[in-house]
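Q: If you want the building blocks of each chain, they are given just below.
Number of protein chains: 2
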Amino acid sequence: MSDDALTELTRRAQNLDAEHAGTDRRDAFELPDGVIYLDGNSLGALSVAAREATRDAVERQWGKQLIRAWNESAWWTAPERVGDRIAALLGAPGGSVVVGDSTTVSLYKAVHAAARLRPNRRVVLTDPDSFPTDVHVTRGVCEQLGLTLELVSPGEAVTRLQGSNDVALAAYSHVDYRTGELWDLAAITAAAHDAGALACWDLCHSAGVVEVGLADGGADFAVGCGYKYLSGGPGAPAFLYVAPEHLSEFTNPILGWNGHATPFAMSPDHVPAEGITRARVGTPPVLGIAALEGALTAYDGLSVSDVRRRSLSLTGFFVECLDGLGIDLPVVTPRDDRRGSQVSLRHPDAYAVVQALIARGVIGDFREPDIVRLGFAPLYLSHEDVLAAAVHVRDVITGREFEREEFRSRATVT
Amino acid sequence: MSDDALTELTRRAQNLDAEHAGTDRRDAFELPDGVIYLDGNSLGALSVAAREATRDAVERQWGKQLIRAWNESAWWTAPERVGDRIAALLGAPGGSVVVGDSTTVSLYKAVHAAARLRPNRRVVLTDPDSFPTDVHVTRGVCEQLGLTLELVSPGEAVTRLQGSNDVALAAYSHVDYRTGELWDLAAITAAAHDAGALACWDLCHSAGVVEVGLADGGADFAVGCGYKYLSGGPGAPAFLYVAPEHLSEFTNPILGWNGHATPFAMSPDHVPAEGITRARVGTPPVLGIAALEGALTAYDGLSVSDVRRRSLSLTGFFVECLDGLGIDLPVVTPRDDRRGSQVSLRHPDAYAVVQALIARGVIGDFREPDIVRLGFAPLYLSHEDVLAAAVHVRDVITGREFEREEFRSRATVT
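Top to bottom, those sequences are chains A and B.
The opening residue of the first sequence carries number 1 in the numbering used here; numbering runs sequentially from there.
The opening residue of the second sequence carries number 1 in the numbering used here; numbering runs sequentially from there.
Treat the hints as calculated values from the structure; they're not laboratory data.
If chains are identical, the list can't say which one is meant, so a pair holds when it fits in one copy or spans any two.
Below, computed lysine to any residue pairings styled on SDA-like, alpha-carbon distance capped at 20 Å:
1. K64 / E52
2. K64 / D33
3. K64 / A74
4. K64 / P32
5. K64 / R25
6. K64 / I358
7. K64 / E30
8. K64 / A28
Source: prediction; values computed, not measured.
So here's chain A without its partners, still in its complex pose:
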């Protein structure tokens, strides 16, 4: 690597930042000084709006309005209202998305309900390399309903589905949490439909950064988390999408009062609410929803396609920097556009590499067994940040900092 290369990359970063200035929302977020945050795909950063929304929910709404806030601050309808905001980011119509519960619980509802819509089919497909909770949930539902879980990678799903008549549901992640590979939602969904099956998508790593196109792609169900690129805060409520054509037949496996047609009639008979409200279960987590609702205002005035262009530019430029700086690490993430908003590198000492980067203020994460996972939340990262991060990666690798003892002890959980 020559000084010339760095100079050239710096100029290029500046040009790209100018080109993408319209999608720069850095000022909306509160990142600590000295940090290049490449973990927005695990926990999105705090925004000013999320901070203020949470404070208002706690101090004014809860503190002053007390119980009246259910009406006066419209807490009761927040799951659908925030759901509508997320729907707009997913290419889904209003009234098809609701928030509340964790991603895992949301996925349980979706998989259970989907399987019941195909009562004569005995097989559920999922990816063995999905985030583990996806495999656990689908396996658990299969055991409860007497179905067979078949582990088929998304790359082989279309082939498996073609000409088959035994599959009830294909449950896949849109973006692989480890490699960052983006799968073809529309193609797998179409193959599922051709085979008489349904398709459920986990959008944890695509919501807010990829043009998901749920309605155009024909997805039947989808779930995703509020705390990654959507920046809704730690453990933020997840979202659940049910395609409008399935709403009237959607059977919630967890029957609670919030999914009831007339919850305050206090009737012991369960009559499901109309529309997506029937996917609700218990009292919504108001503080978490408030933070998420505030965070979503970062998308005001932006189109997802512009955010996606910025994301591809950031991740593409990061790989360009690795190449330009002469860093010879295997890039696991596709170099073409079949990727989410992350770049994953393979390294035999990946855990220690991540720790060494964190010590330098470049926060990414490690994923088993050997993945350095770097997420590029497009709203608050610049191409200059990307270049700076690449320089730190170079220095950690070429300086063999990952060999230091302090970076090798695995005391942490994430």
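Since chain A is already given, all that's left is putting chain B on it; use the hints.
A: Coordinates of chain B only, in the frame set by chain A:
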């Protein structure tokens, strides 16, 4: 009612407040001026500690520590840590309670797991007058598992259980949400055990105000909400108790990565964690847990038995005030100690009575069909508050304020 009666009640209120000064935590809470808050059994008031804990979780932990907060601020272990604090209030050992998910989802887990521990029994008992979500959940689980739901009031549960051999589970509420009646947890649990059945308790209206005695009473499972007397904030995470002797056989119906023995190994095989951790499902709602953890510090230095004595004194004194002020309304709540921390009155225009009281700053709630429900959160209410509330009730009733049109329109949801 004579001025003498009011003078005498005022003196009595002052004496009782002096007697119970040791359990007065009014200064720990931030109640708005001009409000007598009798709805802490629906949404507990904001405390200074809950406000500060939430602000710290948002601004310092999330904002500054970012992803590192999972370790540095011990987010990962918060469900068990806060569970232990609640366990202490319930007479349960450490390691038997976990928080996260809604009450409804928690109950779903408990009922499902309990039924699976009695595979040869076909009947689940619950109270037809339980809070509706309890009936919905038990019915839903019964449908999924091919069991029969039998609606038996708690007053008849012991008789139903005696000599029976078909019951898998008796699922009851400790305190009736409408009438405030306190049921005998130990007696119903013992009858269930004598019949070879298990007992699951909903503690939503007893946690924090009644000496629950989960371990002494032999309860097998219990759930309860964090946002009533525990004052954890709107939609606060609920808690789930599993008796230690059932932990090794507890099967979570919703298999998620947070209940896994080694979540970060990212294994597709589900190996349940040891202990109560296996009852976890998805990523915990950190902001809600933070508020709840802060709120629970209001109990620091207090014994539940002292809080219970204060609660009985407040509710007993309220009935005494009604009598002393000549208010002739049916008191639905037991006048003896078989009550929680509320007093429910019956009135044909109960909805309008509640609205008229709210207009006077006395916030209670209405419950179908004709119940004026007044909750007495013992930590922040005084006997003087109780007397003032009773005077307002008298004025609403004797002045027939409830007949005003403005109080009769049912626009609100809670």
